[in-house]
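> Here are the chains, one letter per residue:
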Amino acid sequence: MPAILIERVSKAFSTSKARVTALENIGLEIPAGQFVCLLGPSGCGKSTLLNAVAGFARPDAGRILVNDVPVTGPSPERGMVFQEYALFPWMTVAQNVAFGLEVKRLPKAAVQARVDELLHMLKLSEFAERYPKELSGGMRQRVAIARVLALDSPILLMDEPFGALDALTRRSLQDELLRLWSELGKTVLFVTHSIEESIFLADRIVVMTYRPGTVKRDLLVDLPRPRDPAAPEFNRLKRELSELVAQEQNRHEADERLALTTD
Amino acid sequence: MNSWRRALQGLPLIVAVLALWELVSLTGWVNPKVLPPPHAVAARWWEYLAPPQPYDPEAGSRLAWLLSGELVQDAAGSLYRVLAGFVVGTVLAVPTGLLMGTSSRIYGLCNPLLQILRPIPPIAYIPLSILWFGLGNPPAIFLIAIGAFFPVLMNTIAGVRSVDGIFLRAAQNLGAGRLTIFRRVILPASMPYVLTGMRVGIGTAFIVVIVAEMIAVNNGLGFRILEAREYFWSDKIIAGMLSIGLIGLAIDQGMSLLNNHLLRWHRGLEH
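For the protein sequence lines, the chains are A and B, in the order given. Position one of the first sequence corresponds to residue 1 (the numbering used here), numbered consecutively onward. Position one of the second sequence corresponds to residue 1001 (the numbering used here), numbered consecutively onward.
Since the hints were made in silico from the structure, they are not lab data. It is possible that part of the hints are untrue.
Taking lysine to any residue and the SDA-like style, the derived pairs with C-alpha atoms no more than 25 Å apart in a straight line are [what the hints assert, rightly or not]:
# : chain 1 : residue 1 : chain 2 : residue 2
1 : A       : 104       : B       : 1214
2 : A       : 104       : B       : 1070
3 : B       : 1033      : B       : 1070
4 : A       : 108       : B       : 1265
Isolated chain B, as found in the complex (with noise of 0.2 Å):
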């Protein structure tokens, strides 16, 4: 409930944001080609979202007809190179992260090579990942897995490292063995840092995902609002720009009500 007043709170600004826009067009101030007025760029967004063809119950459910837009099926196509990306970089980036963080020879091992890797924006390797997957979704999904392995590893290293050595001795006196003291304190201990981590982490894949689709493949938001700047269809590219920003939105604020709820124990947390 909270949430949605503060949310209201900022309305005022966003319908003055609009009206400004409106009035800047309407009036000729500036070319409608370069800055279509928002009743335009609202009239495009609708055009992207519905179904092209009136619903027709020979070719399909009534679901699937709901989903066949244009915007929709872009959406899908990003959120699916989006989470199979981050599927990857997580997956390599937690165990990763919880050797290195237990382990100071592994820390000492991997480490020096990672403070290299690190810097190199995934963008950087847009060249070499067409060179090695081609073109389609591979060379997303490698860049995707890249932009999101180095938050969640840098995190689960400070996570598993932050871990309030009074925990550990209680556990030994507990009579646990490093096993048990590993997956039943050292792990659920580092998970705050983890989550985090992969909130950051899903957060960058989703600005990679923009990119690498405008290089790499031929559906996706991304490749849509590039596209469309092919035809100087600036309506269009402003409603793909809006759904990108709301789809973002949207995947950050699961991911807070996710880590609310994993982490309910954990102090300091606003409920």
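Isolated chain A, as found in the complex (with noise of 0.2 Å):
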């Protein structure tokens, strides 16, 4: 049984001008345990596929399987890590991580030591008290990490995370994300637009077209980890992977210039 069967799931949204659709018969089948990236240009369908995973869109037709259930809303089995990090400003560090734990009417004493256990995992600790805005973006998404490891959901799903990170916080929470991830034994879904990052963490790269979305290439990454990008093999695979993309980011551009002609 996967952990997250995609099925003949298609999507269309209705703009002002007209009816695009962003996804279009995609299929998918994800084992337990499996690190999956999600790749394409902006536009290509990544985010909805996600949303929809998600329970925060439902697909106009297919359907989508987690653990055998239809997903039919959002749900703390399926923990969600938004670009924007998504934590609430009015809440400290742990009161953001302890959120999860108190929905679910945990008593107070195990909210605690929960939350202490995941800030010192991500190496929180001593932000405990506070709020986000003073934090830099890579301890924010931190704290989004935590927060959601908190529900200990078996399925983790990834937004564009470190979208928004200078190069070396995102190589430092990349490490630690493959760490949680080879400790914790969560399947995940990653989206990103970042080829480098797609390798460097992926079981297995699923490569989407431009509108619609469909999938191009579904790609197993076979390399050891760590991974060095510096390697041939990993170079190799970068090569390959750029070429795909590039068609599709092509495409994404003519698409646009022919939007504005035909104002």
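Bring the two chains, given one by one in their own frames, into a single complex with the hints.
What follows is the structure, encoded as structure tokens:
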């Protein structure tokens, strides 16, 4: 039984000008414990697909099963990490991490213990009483990850979580994420437009096409970890993927020009 | 510290205005009955503030004696009305605003009526308030409540509507139900707007109280300056006006301090 089963999913949006098919007949089968990256240019529907798995948006057609149960709405079973962190700015770091546990009505002492454990795990202990606005982007994303891990969800959904971070912070969080993933054995569905990031992280990379969003290439990355971005195999794969993504990026840009001229 | 330095920056102009004013009166360019000099205003102000009787231990405590001046009694009366009216207005406005902000059906139902009522200045309610409530505190509190109601209401609606959808999605993802989302996400997220509305609202309340006191009651700062006009006490009028200004400033500063404390998590806040 796959952890996530996506069957013939389609989804369209109506904008003021046109009807956009974001996803068309997408199918994916993700086994438990796999780290999967959805890769593609902006507008390829990768975030739309992730939102559908998260339960924020219902597909127009097809279905999504998580551990054999159809997705009907958001659930702590599928913890989501957003690019914009989405931390509650009126809560301290500790209160943010505690939120999901309090919602579950866990006893106070248990909440406290779990929060301490998670803050320790993500090296955030000394920031417990800080507000998000006092933290850097990297620290905020650590808090967001801790908040989602608190749910103990078997599935982690990540929507370009490191997209807004500088290169060094990004790398350190990537290492951190791989460490947590190998320790906790979660299934990860990770959206990115960075080819290097996808090769560095994933067991499997799903390249998506620009509108309508379909699977262009689905490949396994069998490089040993930790991966070295300077290694020849890494770069061979990078070149191959760059070509695929560039084709879709060109279609994206051509489409944008066309939209401009038909205005 | 910083705000004190900023206040001191304005001191030269205040001194210059006082000096010019004193000069204009001393040289007799204007009739002191119309514009009394600052020292006369200061003397009258002191007389207005100071206890009328010498201290008598038999009559009561020293604190009560200190507060027995007419100005203190007037200010207390005005503040009581402001506070009572503001509380009534806010207690009605915040829940209404929260409901209107969260439910588009309730918004659609209430908004047309409120848009018709909103442009009516609280002062236009004076005749009706006297017909309904007679004289004394009730009509004044009614007028002040109306004055405070609309700024708080409009800001609360705007606050709820401006809550970033990503917070709602994050909360849903963390397993929160509708009630939890309302209480722990929508409420705090809209708080900056609600508090801004309350700051505007209490400012409006303070304007309305002065007008209301000129009509419906026989104490308070507004009543006192109108009474002083009857006797041609222009120095007392000015002393009363300056008291109104200083108390208004104090209320606004107090609200601002309270906002900063409650919103210490808020982005873009100066510390």
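> Taking the hints in turn, state whether each one holds.
Hints versus structure:
no.	hint	in the structure
1	A/104 / B/1214	57 Å, violated
2	A/104 / B/1070	59 Å, violated
3	B/1033 / B/1070	22 Å, holds
4	A/108 / B/1265	24 Å, holds
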